[in-house]
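Residue numbers (my numbering), protein chains in the order written: chain A, 1 to 455; chain B, 1 to 535.
Bear in mind the hints are in silico, worked out from the structure with no lab data behind them.
Remember, it's a predicted structure, so these values are computed and weren't measured experimentally.
Any given hint might turn out to be false.
What the hints assert, rightly or not - Which bits of chain B does chain A cover? Going by a derived footprint, with three or more residues having C-beta under 8 angstroms, they are:
1) 44-53
2) 95-105
3) 511-518
Yeah, the Cβ is synthetic: ideal placement off N, Cα and C, and Gly gets one too.
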Amino acid sequence: MRYLPLTDADRSAMLEKIGAPDVDALFVDVPEEARLDGPIQGLPMHASEMAVEKHMRTLSKKNLAASDAAFFLGAGAYKHHVPASVDHIIQRGEFLTAYTPYQPEIAQGTLQMLFEFQSQVAHLYGCAVANASMYDGSTACWEAVAMASRIARGKKRKVVLSGALHPHYAEVVKTMAKFTDDEIAHAKPAMTAAPDTAGLISRIDGDTSCVVVQYPDILGRVTDLQPIADAAHEKGALLIVVNTEPVALGAIKSPGEQGADIVVGEGQSIGVGLQFGGPYLGLFAVRDPKHVRMMPGRLCGETQDAEGKRGYVLTLSTREQHIRREKATSNICTNSGLCALAFSVHMTLLGEKGLRQLAAENHRLACLAADRLAEVRGVSVLNDSFFNEFTIRLGTDARAVVRKLAKDNVLAGVSLGRLFPEHDELADGLIVAVTETTTEEDIETLVSALKEVLA
Amino acid sequence: MSTPNQSGWKPGSPVQDHNAMSGPDTVTGNRALMLEEPLIFEIGTIETTGVDLPEPSGGADRLGGLDRSETIGLPGLSEPETVRHYTRLSRQNYAIDLGLFPLGSCTMKHNPRLNEKVARMPGFADVHPLQPVDTVKGALEVVNELANWLIDLTGMHGVAMSPKAGAHGELCGILCIRAALEARGDAREVILVPESAHGTNPATAAFAGYKIEDIPANSDGRVDLDALKSRLGPDVAGVMITNPSTLGLFERDLKEISDAVHAAGGFVYCDGANFNAIVGKVRPGDLGVDAMHINLHKTFSTPHGGGGPGSGPVVLSEALAPYGPLPYVVRGKDGEVHLVEEENAGEFEHTKAFGRMTAFHGQMGMFTRALTYILSHGADGLRQVAEDAVLNANYILRSLEDVLDAPFGHSGPCMHEALFSDKGFAEDISTLDLAKALIDEGYHPMTMYFPLVVHGAMLVEPTETESKAALDQFIGALRSVAERARAGDERLKTAPHYAPRRRLDETLAARKPILAWEEPNPPGGTPTMSEQGGR
Numbered sequence: 001m002r003y004l005p006l007t008d009a010d011r012s013a014m015l016e017k018i019g020a021p022d023v024d025a026l027f028v029d030v031p032e033e034a035r036l037d038g039p040i041q042g043l044p045m046h047a048s049e050m051a052v053e054k055h056m057r058t059l060s061k062k063n064l065a066a067s068d069a070a071f072f073l074g075a076g077a078y079k080h081h082v083p084a085s086v087d088h089i090i091q092r093g094e095f096l097t098a099y100t101p102y103q104p105e106i107a108q109g110t111l112q113m114l115f116e117f118q119s120q121v122a123h124l125y126g127c128a129v130a131n132a133s134m135y136d137g138s139t140a141c142w143e144a145v146a147m148a149s150r151i152a153r154g155k156k157r158k159v160v161l162s163g164a165l166h167p168h169y170a171e172v173v174k175t176m177a178k179f180t181d182d183e184i185a186h187a188k189p190a191m192t193a194a195p196d197t198a199g200l201i202s203r204i205d206g207d208t209s210c211v212v213v214q215y216p217d218i219l220g221r222v223t224d225l226q227p228i229a230d231a232a233h234e235k236g237a238l239l240i241v242v243n244t245e246p247v248a249l250g251a252i253k254s255p256g257e258q259g260a261d262i263v264v265g266e267g268q269s270i271g272v273g274l275q276f277g278g279p280y281l282g283l284f285a286v287r288d289p290k291h292v293r294m295m296p297g298r299l300c301g302e303t304q305d306a307e308g309k310r311g312y313v314l315t316l317s318t319r320e321q322h323i324r325r326e327k328a329t330s331n332i333c334t335n336s337g338l339c340a341l342a343f344s345v346h347m348t349l350l351g352e353k354g355l356r357q358l359a360a361e362n363h364r365l366a367c368l369a370a371d372r373l374a375e376v377r378g379v380s381v382l383n384d385s386f387f388n389e390f391t392i393r394l395g396t397d398a399r400a401v402v403r404k405l406a407k408d409n410v411l412a413g414v415s416l417g418r419l420f421p422e423h424d425e426l427a428d429g430l431i432v433a434v435t436e437t438t439t440e441e442d443i444e445t446l447v448s449a450l451k452e453v454l455a
Numbered sequence: 001m002s003t004p005n006q007s008g009w010k011p012g013s014p015v016q017d018h019n020a021m022s023g024p025d026t027v028t029g030n031r032a033l034m035l036e037e038p039l040i041f042e043i044g045t046i047e048t049t050g051v052d053l054p055e056p057s058g059g060a061d062r063l064g065g066l067d068r069s070e071t072i073g074l075p076g077l078s079e080p081e082t083v084r085h086y087t088r089l090s091r092q093n094y095a096i097d098l099g100l101f102p103l104g105s106c107t108m109k110h111n112p113r114l115n116e117k118v119a120r121m122p123g124f125a126d127v128h129p130l131q132p133v134d135t136v137k138g139a140l141e142v143v144n145e146l147a148n149w150l151i152d153l154t155g156m157h158g159v160a161m162s163p164k165a166g167a168h169g170e171l172c173g174i175l176c177i178r179a180a181l182e183a184r185g186d187a188r189e190v191i192l193v194p195e196s197a198h199g200t201n202p203a204t205a206a207f208a209g210y211k212i213e214d215i216p217a218n219s220d221g222r223v224d225l226d227a228l229k230s231r232l233g234p235d236v237a238g239v240m241i242t243n244p245s246t247l248g249l250f251e252r253d254l255k256e257i258s259d260a261v262h263a264a265g266g267f268v269y270c271d272g273a274n275f276n277a278i279v280g281k282v283r284p285g286d287l288g289v290d291a292m293h294i295n296l297h298k299t300f301s302t303p304h305g306g307g308g309p310g311s312g313p314v315v316l317s318e319a320l321a322p323y324g325p326l327p328y329v330v331r332g333k334d335g336e337v338h339l340v341e342e343e344n345a346g347e348f349e350h351t352k353a354f355g356r357m358t359a360f361h362g363q364m365g366m367f368t369r370a371l372t373y374i375l376s377h378g379a380d381g382l383r384q385v386a387e388d389a390v391l392n393a394n395y396i397l398r399s400l401e402d403v404l405d406a407p408f409g410h411s412g413p414c415m416h417e418a419l420f421s422d423k424g425f426a427e428d429i430s431t432l433d434l435a436k437a438l439i440d441e442g443y444h445p446m447t448m449y450f451p452l453v454v455h456g457a458m459l460v461e462p463t464e465t466e467s468k469a470a471l472d473q474f475i476g477a478l479r480s481v482a483e484r485a486r487a488g489d490e491r492l493k494t495a496p497h498y499a500p501r502r503r504l505d506e507t508l509a510a511r512k513p514i515l516a517w518e519e520p521n522p523p524g525g526t527p528t529m530s531e532q533g534g535r
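Make a model of the complete structure from these sequences and hints.
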């Protein structure tokens, strides 16, 4: 077996040193009746690299890769171009095969990268401090809700979710809240050109610990957050803003500068890729440094070594499970370190200039697509405002349309019927995302395909 | 005005310590291949970019009047500078690719590169989670094939694939237990956890709303069966047991524990972090376990990546499987694989799911790697993995117990990791000192001060991917350092001497936290990032 260096001679010599007659003697504590006497029956035996690669390639070819289609899916995961050097760097063994940097003197590479990553995220979100990553956007969203409850010290139990929060994120929050005392106030999304900010504000009361708003929202609309922040703060509640498309923040104001208290999101767009949903990259930041000690997850901080040289360590770990056990701010241990590296490398390649150019190009193409689709008979564009995705209405079940177009390698978008199966009145909605990877030819392909299917 | 080194530390500070590297200081602060590297915020500018994108044309604006006009403050570097920055940083890291990485309970084994190649196949890497199901049949087959392996290897009934890491899997298992209890109208409040457990266990149970009570250990480090039995009752929802335990010992009585817990109406959660020691040798399902997470990044060798991502599927007994979260993948009666979500759960008779733990389907990129690893090893190779991992650990235990105290060495063989204590060290030498001295010898230290129940604990896990020669060299190094610790060698207290940094001040970091880069304010005004630019 190519991954096992011991030879039979080694094994014998080692058993002799140990004083065991055979390897089974080392498993003496496993009850004999439960011990397996050979390889589990019915499972394949070891296989060559060539054979395994062939098997996996066969499976991979049963999937339609995004790059082989006219591709318009978004709704929480976006297809962007990732520069080749990003993957090269994350495959360096010193990053790929390192552990969590618990021995900082020989982990400065990971630690300095995390410090840079935290700083990049904080700038992007308009916040003071970001952590070293969470699993993904949806779990970061729940952790933010849990943190708001901690800050409210159990005195406020109501969590107000915007109806235009990604339904899977809302589902995660509702699932976790079943096991805590939080009361989740949710509403269905209103299919309006602009979000119902007044309606959301009216649901905030003195018992509200936090308000959760997605920006841009699930339908692609861009909401002015300041009135929501003001209303929340007036009632003593925190504003949690969820962002699923970090590229947008190269074009629109950051949540932090509009008064958000906790900003969380999905970082997958920058550097990570689609990967069928994971691993992704949860981003988590707070606007006010006073909330740092309530944060979940790892934090990397600057310090000095015994010679006065600058260096980095994991810090404030008295918040964490390995120190605080049942009193920890979260049970998270492993995070998304390598995805954070991919994000940080890609963001460094972009820089502010590149991020702004990237955002502008996404928006230009999205505007073009919205205009072209609006010309198709039977299609109407819902949004007044959007960044790189928007919602169209088809007057017919969008799920059926999506499935039909997929047969011709047109992946038209994410149907609202798939995301909100319980709301029939949303079934004709389709979320269309457009990025720098979308060509004008792709847009024309979608336009003609929709013309044909809606005719 | 530019200094030879802009990274903020003091390149000119003379090395006074004669124990440290000798030789004159350099003007750059570099030492040959040991290269200092400033922050991107010190060398990049907001005007620099390493990508070629079109200049904004200024036409389209439907951003709702929320254009970002203020400077964001994100530094950019050209591609050559970027590659050099991260390559220089990478060289300040220890990694499995560089040497034996004996972190107990973390399972730092070789990461096969075929797994990386497979994960990057476009049909896996370039697929959106919400694509129409007909366009992702191969991806669903990967999930299903891996799920079946995990079920067969553990002898369990079902598996929830979506948890994102071990702790997330623990939460999934505990929530299944809570859902099953609630379904029968049985509100129980307590989860029993041994003191030797990972911190994630009590943190998880608390997150799910349970009170935590410690289970005592007996003199050989295992769960005290009688004490456990006497604590069971109608208020105990279940126990969380790590097997093999964090002391590196197999819990011999697990079957009896499970029977007693079940008889009292509770459930058994097994922390599967150490499954690598027993894969192919024994199935947890045969020992009465109701739920167990499997860290794909430990047992099945998906890379740790400097702290993640991981993946924590949870295998479930027949009693708990109906409560597993959505979404999940199943091969239906039609022979096809299906993605089961909220809208079609009824069709697949999975209506009791406790909810959804994450937006999408789990860590696909880890599934492809883990399945590749499993298929490479096969049923015979995986069994050999466990045997060699346990053999290597016992070899270390027996080769060093004359110089390092092995608190449970008397009770028989260990499993995949060898546990030592600081007993016998000179009074002023600590486990931390020994660990830092091991760094100077070219090794990543073992897990320190864990488990908490052993004084100055050192938990050594070599894994099965080390050769005998590599083990012998490591044993020689650890033996030498242990002897110096017993003799009270003062040099240990200032170690490491040869790492990119000397011992770092963690107290300072916590007392005055600097958690993000801020522009310095030198006399004469605040420079912009672009004014400071240039390497």
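Okay, the hints, checked on the actual structure:
no. : hint    : verdict
1   : 44-53   : holds (count 9)
2   : 95-105  : holds (count 6)
3   : 511-518 : holds (count 5)
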